[in-house]
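**Student:** The primary structure of each chain is shown beneath.
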Amino acid sequence: MQDGLYDLLTKKNWLVSHVEIFDAELQFADALIILPRQIPIITYPYEWSFAMWQDAALLTLNIAKEAIEKGMLLKDATPFNIQFLNGSPVFIDTLSFEIYLPEKPWVAYRQFCECFLASLLLQQYCHADIGKIFTLYPNGIPLEILISILPKKAKWNLHTYLHIYLQAATATKTGKTKNGEAATKFTKQKMLLLLNGLITYVARLHVKKAKTTWDNYYASTILSDEYLQEKTKLVKYFLSTISYSSILDLGANDGHFSLLFKNTATQVIAVDGDANCINKLCSTIRNQKIKNILPLINTLHTPSPAIGWNNAERTSFSKRIKGDVVLALALIHHLAIANNLPFQFIAEWLAAMGKYLLIEFVPKTDEKVQLLLQNRQDIFTDYTVIDFENAFSKKFKIVLQQKITGTERILYLMEKVIF
Amino acid sequence: MRYTYLYLDPGSGTYLIQVIIAAVLGGMMFFKNGWIKIKSFFIKPKPGNDLKEEDVEEKESL
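So the sequence lines, in the order shown, correspond to chains A and B.
Residues 1 to 419 in our numbering are what the first sequence spells out, letter by letter.
Residues 1 to 62 in our numbering are what the second sequence spells out, letter by letter.
This is chain A alone, in the form it adopts within the complex:
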């Protein structure tokens, strides 16, 4: 790439590195085939926490800035060009660069605003959970729609006004004179002002804080300290009996159990449907400089679907995210009772994601299950420990099981069986 831009960006770990390969089947005249370093876990923007969105946006802008200095232009600014590797964002589209012409403005500017700024602003002004909306608008949230959702006060920030409101108002004006020439010439200095301005602006954005059911779950609503200590001890013990490399923690909350394995697992993926919890975990791992925990937002009873052209461009969460051990702690009642899912369905879903399963069974007598049943008819006659074991035995072999002291809850370590 021009004037050492590739070397510069790969040295900083901003751009995925690649090797040139020869493939007789793919080769055609003068073609250069590159094989990028493979990213083990592919995630999509609608699964990211606010901090991940912000990091991805800043990386895009910083790469654009470095490229300008090297005479190249970053022509795409979509978050799908970013993946996360060892806790940091990395740009994966090596072909997104073209020769920079100073008289031309940033061709990816609107894309940047509609993808990055739109999602960040919705999370700042509306709700931490709203990042999921990007599933519906993977090419960017149109400014008209964004403006219709944002509260009126958003307009009072100068940068938001310029990049969103004024842009929407001037969208149909080309800024060209009658003979098709630009009224004012764009320059490198203007480009750098624009990029630097965006960097300062994006770095100052922050997520809207709201109190949710899952906030401080362990600190305030959990049954007792003794329960948490006992469960922690058991989880550690159960996992010490098997060998594993990666862990997938489903319903991770603020990552209490994911954090237990920061030194023993190569990779931990912590998933929760509550954005506040995942944002909290994100700041914990940032403060502790943990590189091997990947926090993701996902509603487990409706995981991210396969989207894009022919539903084949981006795979679904269930097909993509795996772990050697799947943790499903205090999750079963939410799936089985709150979402009416039969044990058999849950067992099949979990069996497809990992070799081992560490699952906590929460019986009907438990106060949390009673809370779920409070305002509805109890139609769950087959929500018993026997039905649970029977259904899961079709997919797993129970290796260990232990009642958690002081509760009726049972912790199981299961191993997938192949029939």
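Any given hint might turn out to be false.
A few chain A residues facing chain B, derived, Cβ under 8 Å [claimed, not checked]:
id, residue
1, 106
2, 109
3, 110
4, 170
5, 171
6, 186
7, 190
8, 193
9, 197
Listed below are the simulated PhoX-like cross-link pairs for lysine-lysine, each with C-alpha atoms no more than 25 Å apart in a straight line [unchecked claim]:
id, chain 1, residue 1, chain 2, residue 2
10, A, 322, A, 280
11, A, 322, A, 355
12, A, 416, A, 236
13, A, 280, A, 209
14, A, 185, A, 75
15, A, 209, A, 289
16, B, 32, A, 155
17, B, 32, A, 65
18, B, 32, A, 188
If you anchor each label on the Cβ, the simulated ranges turn out as follows [as the list claims (entries may be wrong)]:
id, chain 1, residue 1, chain 2, residue 2, range
19, A, 225, B, 43, 52 to 60 Å
20, A, 11, B, 43, 35 to 43 Å
21, A, 7, B, 39, 36 to 44 Å
22, B, 34, A, 232, 54 to 62 Å
23, B, 26, A, 11, 27 to 35 Å
24, B, 26, A, 99, 22 to 30 Å
25, B, 20, A, 93, 27 to 35 Å
Quick caveat, the hints were computed from the structure, so don't treat them as lab data.
Cβ atoms here follow ideal geometry from the backbone N, Cα and C, with glycine treated the same way.
Let chain A serve as the given structure and place chain B on it in line with the hints.
**Tutor:** For chain B alone, coordinates are given in the frame of chain A:
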């Protein structure tokens, strides 16, 4: 589906706004720099400007 932008190429559709933003930010930068110059004219820089107070004390005690 792209509403007002359907028939606009991405570059020309945002040309004007990018020019405006660059001008606004450039103007802000100009005034900011001017203000810093005015301030530095009236306020004399402290001795050892780039050293923190503790550093100065430490240096002096050596």
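**Student:** Could you check if residue 186 of chain A really has its C-beta closer than 8 Å to a C-beta on chain B?
**Tutor:** holds (7 Å)
**Student:** Quick one, are residue 32 of chain B and residue 188 of chain A close enough, alpha carbons at most 25 Å?
**Tutor:** Given pair residue 32 of chain B, residue 188 of chain A holds - Cα atoms ~21 Å apart, limit 25 Å.
**Student:** Residue 197 of chain A was flagged as interface toward chain B. Is the shortest Cβ-Cβ separation under 8 Å?
**Tutor:** This interface hint holds because 4 Å falls under the 8 Å limit.
**Student:** For the restraint on residue 171 of chain A, tell me whether the closest CB of chain B is nearer than 8 Å.
**Tutor:** This interface hint holds because 5 Å falls under the 8 Å limit.
**Student:** Within 25 Å, alpha carbon to alpha carbon, are residue 32 of chain B and residue 65 of chain A?
**Tutor:** holds (22 Å)
**Student:** Measure nothing beyond the straight line between the CA atoms of residue 322 of chain A and residue 355 of chain A; if it is 25 Å or shorter, mark the hint as holding.
**Tutor:** Holds. Residue 322 of chain A to residue 355 of chain A sits at ~9 Å (cutoff 25 Å).
**Student:** Checking hints one by one. Is residue 106 of chain A an interface residue toward chain B, by the C-beta closer than 8 Å rule?
**Tutor:** holds (6 Å)
**Student:** If you take the shortest Cβ to Cβ gap from residue 110 of chain A to chain B, is it below 8 Å?
**Tutor:** Holds - the Cβ of residue 110 of chain A comes within 8 Å of chain B, reaching about 5 Å at its closest.
**Student:** Would you mind confirming whether the straight-line C-alpha gap from residue 185 of chain A to residue 75 of chain A stays at or under 25 Å?
**Tutor:** Roughly 19 Å between the alpha carbons, so the hint for residue 185 of chain A and residue 75 of chain A holds.
**Student:** Are residue 7 of chain A and residue 39 of chain B spaced within 36 to 44 Å by their CB atoms?
**Tutor:** With Cβ atoms ~41 Å apart, the hint holds.
**Student:** Is 52 to 60 Å respected by the C-beta to C-beta distance linking residue 225 of chain A and residue 43 of chain B?
**Tutor:** holds (56 Å)
**Student:** When you take the CB atoms of residue 34 of chain B and residue 232 of chain A, is the distance between them in 54 to 62 Å?
**Tutor:** With a Cβ separation near 59 Å, residue 34 of chain B and residue 232 of chain A satisfy 54 to 62 Å, so the hint holds.
Checked against the numbered hints above, the structure violates none of them.
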